[in-house]
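Participant: Letter by letter, the chains look like this.
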Amino acid sequence: MNVVAKTETGRALGEAFAVVRDRLPGKGKIADRRREAFDAYERLGLPHRRIEDWKYTDLRALMREVLPLAPLPDAAALKRAAGAVTAHAIDGVVRLVLVDGTLAPDLSDLGSLEKGLSIRALREVLDSGDGELSAQAFASDNSNPMVALNGAMATDGVVIDVAAGTVLSKPVHIVHVASGAAPVAMFTRSLLRLGRDAGATLAESYLAAEGAKAYQAHDGLVIAIGDNARLDHVRFVEDTVDAFNISSATVSLGAHAHFNTFGMTTGGHVSRYQLTVACAGEHSKVETNGVNLINGKQHADTTLFMDHAVPNCASREIFRAVVDDRAHSVFQGRIIVRPDAQKTDAKMMTRALLLSDDAEADNKPELEIFADDVTCGHGATTGALDESLLFYMRARGLPEKEAQALLIQAFVGEAIESIASDALRDVAIAAAQRWLAARG
Amino acid sequence: MSLLEVKDLQVRVEDREILHGLSLTVNPGQVHAIMGPNGSGKSTLSHVIAGKPGYEVTGGQILFRGEDLLEMDPNERAAKGVFLAFQYPVEIPGVTTWNFLHAALNAQRKARGEEEISSPAFLKKVREVAKSLNIPQDMLKRGVNVGFSGGEKKRNEILQMALFEPAVCILDEMDSGLDIDALRIAADGVNALRSPERAMVVITHYQRLLNYIVPDFVHVMSKGRVVKSGGKELALELEESGYAQFEDAA
Chain V
22 MNVVAKTETG RALGEAFAVV RDRLPGKGKI ADRRREAFDA YERLGLPHRR IEDWKYTDLR
82 ALMREVLPLA PLPDAAALKR AAGAVTAHAI DGVVRLVLVD GTLAPDLSDL GSLEKGLSIR
142 ALREVLDSGD GELSAQAFAS DNSNPMVALN GAMATDGVVI DVAAGTVLSK PVHIVHVASG
202 AAPVAMFTRS LLRLGRDAGA TLAESYLAAE GAKAYQAHDG LVIAIGDNAR LDHVRFVEDT
262 VDAFNISSAT VSLGAHAHFN TFGMTTGGHV SRYQLTVACA GEHSKVETNG VNLINGKQHA
322 DTTLFMDHAV PNCASREIFR AVVDDRAHSV FQGRIIVRPD AQKTDAKMMT RALLLSDDAE
382 ADNKPELEIF ADDVTCGHGA TTGALDESLL FYMRARGLPE KEAQALLIQA FVGEAIESIA
442 SDALRDVAIA AAQRWLAARG
Chain Z
3 MSLLEVKDLQ VRVEDREILH GLSLTVNPGQ VHAIMGPNGS GKSTLSHVIA GKPGYEVTGG
63 QILFRGEDLL EMDPNERAAK GVFLAFQYPV EIPGVTTWNF LHAALNAQRK ARGEEEISSP
123 AFLKKVREVA KSLNIPQDML KRGVNVGFSG GEKKRNEILQ MALFEPAVCI LDEMDSGLDI
183 DALRIAADGV NALRSPERAM VVITHYQRLL NYIVPDFVHV MSKGRVVKSG GKELALELEE
243 SGYAQFEDAA
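Protein chains in written order, with the numbering used here: chain V, 22 to 461; chain Z, 3 to 252.
Pulled out of the complex, with its shape left as it was, chain V reads as follows:
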């Protein structure tokens, strides 16, 4: 047996799991999986800087402890959450609201779904004993401690199925809300499956009710995209400035499938998004784009693992970070091209813009190529705003802040332009403009 010295907080969490495990949905095999996941987490503990993947995001130093599990939201919590949901509403979507880690049916559009779309609460799926589905929702990597912890503790989430051949007319929008009465942790896990030839748009937002206490959002998303199906995915991290958001998404693509994803982080004190994408079918196509707009003492980490396992697939990453004050942006992008994955076309470009002397950006692109007939490349740049451009713009009458704002918008624009949905692209542009306006 592996013996690891436990920290105080490690012990506290172990006791907490013992207390809450009977409250968690799913018995039998699911309970066994939770136990295994929790054991895996306990062996590793909160990740720290001596683990290569977590070098820039040392959760032992930044987070120190996992907060107690959030209670089921009461009427007051739901009311507070509803206010936040309204304030961040996106028109024309099927909205699914998770409050403190629990699906809130009254705030969600669960009735009269279009044909070919099915939505269930994860809690119900786990309690129903659907072994295959439960196994898929929990098919994740216990070697990653935070994914393992999520698997052990997940209280609820949504299971979304889009039937073969169905192209959804409206985006599905999962809204994670912290009601914020007490400092707690929420653990959610969701599953999205697209059948062959299906098409869907998924948006995700992370937010909190006004005046929310510091909280932790731990989310896990599992996505399976069938042959010749297409998923457009957009996520907005708009948590409060003292919140933690530790999320992961695990995506697999069938043959001729297409996955276009965009993430924007403007909120949260510390956020880490671990995206793992596997091209499992030939001729699949992946576009992974993202923008960080952070200031103050924010820390935002996007860690991407792009796995090319089969031939003839293409992947593109465009990532832009704008970092002000003492904020810290991290982008780690690892592309692996396995021996069979000939004719892979993979390119990754990350750029960071530092707006202050104390801002920090770490870019770590990694290519591991085991096939010999591939086109792969990556580039990374970090710099300040170009003084000669600023002077030109000021000489035309634009005050310095306005000139900077135009250049920053242009800088993040290339990544934002990649969003396929006009409505969601507008949401991203508006979020960037709000951030710029708040700079003054």
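Treat each hint with caution, since some may be false.
[Unchecked claim] The calculated lysine-lysine pairs, modelled on PhoX-like cross-linking and capped at a C-alpha distance of 25 Å, are:
no. : chain 1 : residue 1 : chain 2 : residue 2
1   : Z       : Lys82     : V       : Lys422
2   : Z       : Lys9      : V       : Lys422
3   : Z       : Lys225    : Z       : Lys9
4   : Z       : Lys82     : Z       : Lys54
5   : V       : Lys422    : Z       : Lys112
6   : V       : Lys422    : Z       : Lys143
[Unchecked claim] Listed next, with one range per pair, are the computed distances between beta-carbon atoms:
no. : chain 1 : residue 1 : chain 2 : residue 2 : range
7   : V       : Asp366    : Z       : His207    : 44 to 50 Å
8   : Z       : Val148    : V       : Val41     : 39 to 45 Å
9   : V       : Asp366    : Z       : Glu16     : 43 to 49 Å
10  : Z       : Ser178    : V       : Arg347    : 40 to 46 Å
11  : Z       : Ala123    : V       : Lys364    : 40 to 46 Å
Don't read these hints as lab results, they were simulated from the structure.
No experiment lies behind these values; they were computed from the predicted model shown.
Note that beta-carbon positions come from the ideal geometry of N, C-alpha and C, so glycine has one too.
Using the hints provided, position chain Z relative to the given structure of chain V.
Facilitator: Just chain Z, lined up with the frame of chain V:
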């Protein structure tokens, strides 16, 4: 009161003094040419008038309608009516020309306490100006100067000059990088903007440009000073004899 008055201007860049007491007076309606060899300080003068960072003014004054220009930010100078046409206009990827011009014009109007101009009104105005300068509409939709030829970049500078209607235009080496046809188009654009209220300061190394934009006054700069001033015939004289005589004089 003069429109633009440069008095005994002394400017340093890092440890080196570039301008050693330069004076120049410009009144409405006048076109002044400033000529001189490379390194004489012509471009430094234009940059300091526009407010480019990196220059230290160690002595002298620049007054614009009697106000101290050196106390103003570059954007304030623009709003007051000072325009610099750049020798090398920068490219700004991701910011459309259209959007940039609209934002800049409104920033100037706001600074002057005027009402902002709406998108449709701006569109109409910019279309008219673009047409008069033979600038195709699609250039306005592209990133500022991105992928523009040398001639297109200079025409874009003149477009801005026409749009902002400044009181004084400083044209910094407008002829650099232009072939003779592109030069003629640019010069026609500038000539169309000559008016009794507006002054121009044309900075150039070569006399050629002055065949197209005929100045009222010519000043020869050498080693950071104006060493000789005269009428337009001075430019022709320079073309014959070169700058060497003035380098000795300085």
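Participant: Against each hint, give a clear statement of whether it holds in the structure.
Facilitator: These are the hints, each one checked on the structure:
1. Z:Lys82 / V:Lys422: holds, 19 Å
2. Z:Lys9 / V:Lys422: violated, 32 Å
3. Z:Lys225 / Z:Lys9: holds, 17 Å
4. Z:Lys82 / Z:Lys54: OK: Z:Lys82 and Z:Lys54 at ~16 Å, within 25 Å.
5. V:Lys422 / Z:Lys112: At roughly 15 Å apart (the allowed maximum being 25 Å), Z:Lys112 and V:Lys422 satisfy the hint.
6. V:Lys422 / Z:Lys143: Within the cut-off at roughly 23 Å; holds.
7. V:Asp366 / Z:His207: 44 to 50 Å: holds, 49 Å
8. Z:Val148 / V:Val41: 39 to 45 Å: For V:Val41 against Z:Val148, whose Cβ atoms are near 57 Å apart, the range 39 to 45 Å is violated.
9. V:Asp366 / Z:Glu16: 43 to 49 Å: About 48 Å separates the Cβ atoms of V:Asp366 and Z:Glu16, which means 43 to 49 Å holds.
10. Z:Ser178 / V:Arg347: 40 to 46 Å: holds, 43 Å
11. Z:Ala123 / V:Lys364: 40 to 46 Å: Roughly 54 Å apart at Cβ, these two residues miss the hinted range, so it is violated.
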